[in-house]
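When you get a sec, could you build the whole thing from the sequences and use the hints?
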Amino acid sequence: MWFRCKEIILRKCKNYGSKINKSEGISYHTFPSDDFTKHKLVSIVQAERSEHDWMPTKSSTICSAHFNHEDKYTTSKGYLRLKKTAIPVIASDNDDVPKFGSPTSLDHVNISDIDSVFDTPRKATLKKRVRKLVVEKKCYRKRIIFLKFKITD
1 MWFRCKEIIL RKCKNYGSKI NKSEGISYHT FPSDDFTKHK LVSIVQAERS
51 EHDWMPTKSS TICSAHFNHE DKYTTSKGYL RLKKTAIPVI ASDNDDVPKF
101 GSPTSLDHVN ISDIDSVFDT PRKATLKKRV RKLVVEKKCY RKRIIFLKFK
151 ITD
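For the sequence shown, position 151 matches number 151 in full-length UniProt numbering, and the numbering has no gaps at all.
There's no promise every hint is true.
Stated by the list, open to error - Computed beta-carbon distance windows for the label pairs:
(1) T57 / F146: 16 to 24 Å
(2) T120 / D34: 35 to 43 Å
(3) F36 / L126: 30 to 38 Å
(4) D119 / I87: 24 to 32 Å
(5) I144 / F36: 36 to 44 Å
(6) T37 / T152: 36 to 44 Å
(7) T152 / D35: 40 to 48 Å
(8) Q46 / K72: 19 to 27 Å
(9) T30 / K137: 18 to 26 Å
(10) V42 / R122: 21 to 29 Å
Said to hold, decoys possible - Distance condition first, Cα-Cα at most 30 Å in a straight line; then the derived DSSO-like pairs of lysine-lysine:
(11) K150 / K127
(12) K142 / K127
(13) K132 / K142
(14) K142 / K58
(15) K77 / K132
(16) K58 / K84
(17) K138 / K72
(18) K148 / K123
(19) K132 / K40
(20) K83 / K150
(21) K138 / K148
(22) K83 / K58
(23) K84 / K40
(24) K83 / K38
(25) K58 / K137
(26) K123 / K138
The set of hints was computed from the structure by calculation and includes no laboratory data.
Here a beta-carbon is modelled for each residue, glycine too, at the ideal position from N, C-alpha and C.
Put into structure tokens, the structure is as follows:
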């Protein structure tokens, strides 16, 4: 079985860092392969992140909470899919996006986007690196749990 860690790309997403599974109604969607639609989504995410040089990776995902109900459909096998015309809806204060899951031990890392306006370029770079390292650490923890489970089988 292949193990892949997902990177949720919207900073204000309340599902960021939560342990969510599809039984709770949340699914994660990668960027489309269609260049036109992908470019539209990338520009929306760049504006939300205030990083105009940001580009998605293979593991970049957007949770289904950021899409309208009309943009989603369920396949005959029960998979939640997005229509090809789906565009994410990003709430300004994220009140419209419900919080799923419980907080994790990584929530003690407090990196505020509001304070980042006053950061020096070096401090902003270091904060970005901390965010990436926190995600990597979480991926490694999941990988360890997965491998321990595989060993016991």
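Hint by hint, here is what the structure shows:
For the pair T57 and F146, the supplied restraint of 16 to 24 Å holds, since their beta-carbon distance comes to about 20 Å. A C-beta distance of roughly 39 Å is found between T120 and D34, which places it inside the suggested range of 35 to 43 Å. A hinted range of 30 to 38 Å for the beta carbons of F36 and L126 is consistent with their spacing of about 36 Å. At about 30 Å, the CB distance of D119 to I87 agrees with the hint of 24 to 32 Å.
Taken as a hint, the range 36 to 44 Å holds for the pair I144 and F36, whose Cβ atoms sit roughly 40 Å apart. Hint check: T37 to T152, Cβ distance near 42 Å, so the stated range 36 to 44 Å holds. Between T152 and D35 the CB atoms are about 44 Å apart, so this pair conforms to the stated range of 40 to 48 Å. Range check, Q46 to K72: Cβ separation about 24 Å, and the 19 to 27 Å hint holds.
Taking the beta carbon of each, T30 and K137 are about 22 Å apart, inside 18 to 26 Å as hinted. Separated by about 27 Å at the C-beta atoms, V42 and R122 satisfy the suggested range of 21 to 29 Å. Restraint check: the Cα-Cα separation between K150 and K127 comes to about 35 Å, which exceeds 30 Å; the hinted pair is violated. A hinted pair counts as satisfied when its Cα atoms are at most 30 Å apart, and K142 with K127 qualifies at roughly 23 Å.
For the hint pairing K132 with K142, the CA-to-CA distance comes to about 15 Å; that is within 30 Å, so the pair holds. Restraint check for K142 and K58: satisfied, since their Cα atoms lie roughly 18 Å apart, inside the 30 Å limit. With a CA separation close to 34 Å, the supplied pair K77 and K132 exceeds the 30 Å bound. Of the pairs offered as hints, the one joining K58 and K84 holds, with about 19 Å between alpha carbons and a cut-off of 30 Å not exceeded.
Pair hint K138 plus K72 holds up; C-alpha atoms about 28 Å apart against a cutoff of 30 Å. Among the hinted pairs, K148 with K123 is inconsistent with the structure: their alpha-carbon atoms are about 37 Å apart, more than 30 Å. Between K132 and K40 the CA atoms are separated by roughly 24 Å; this keeps the pair inside 30 Å, and the hint holds. Note on K83 and K150: the hinted pairing is violated, with a Cα-Cα distance of about 35 Å set against a maximum of 30 Å.
About 15 Å separates the Cα atoms of K138 and K148, which keeps this hinted pair within 30 Å; it holds. For the given pair, K83 sits about 20 Å from K58 by alpha-carbon distance, which is consistent with the 30 Å threshold. Using a Cα cut-off of 30 Å, the hinted pair K84 and K40 holds, with the two alpha carbons roughly 12 Å apart. Under the criterion of a C-alpha separation no larger than 30 Å, the hint pairing K83 with K38 is consistent with the structure, at around 13 Å.
With a CA separation close to 18 Å, the supplied pair K58 and K137 stays within the 30 Å bound. About 23 Å separates the Cα atoms of K123 and K138, which keeps this hinted pair within 30 Å; it holds.
Hints 11, 15, 18, 20 from the list above are not met by this structure, while the remaining hints are.
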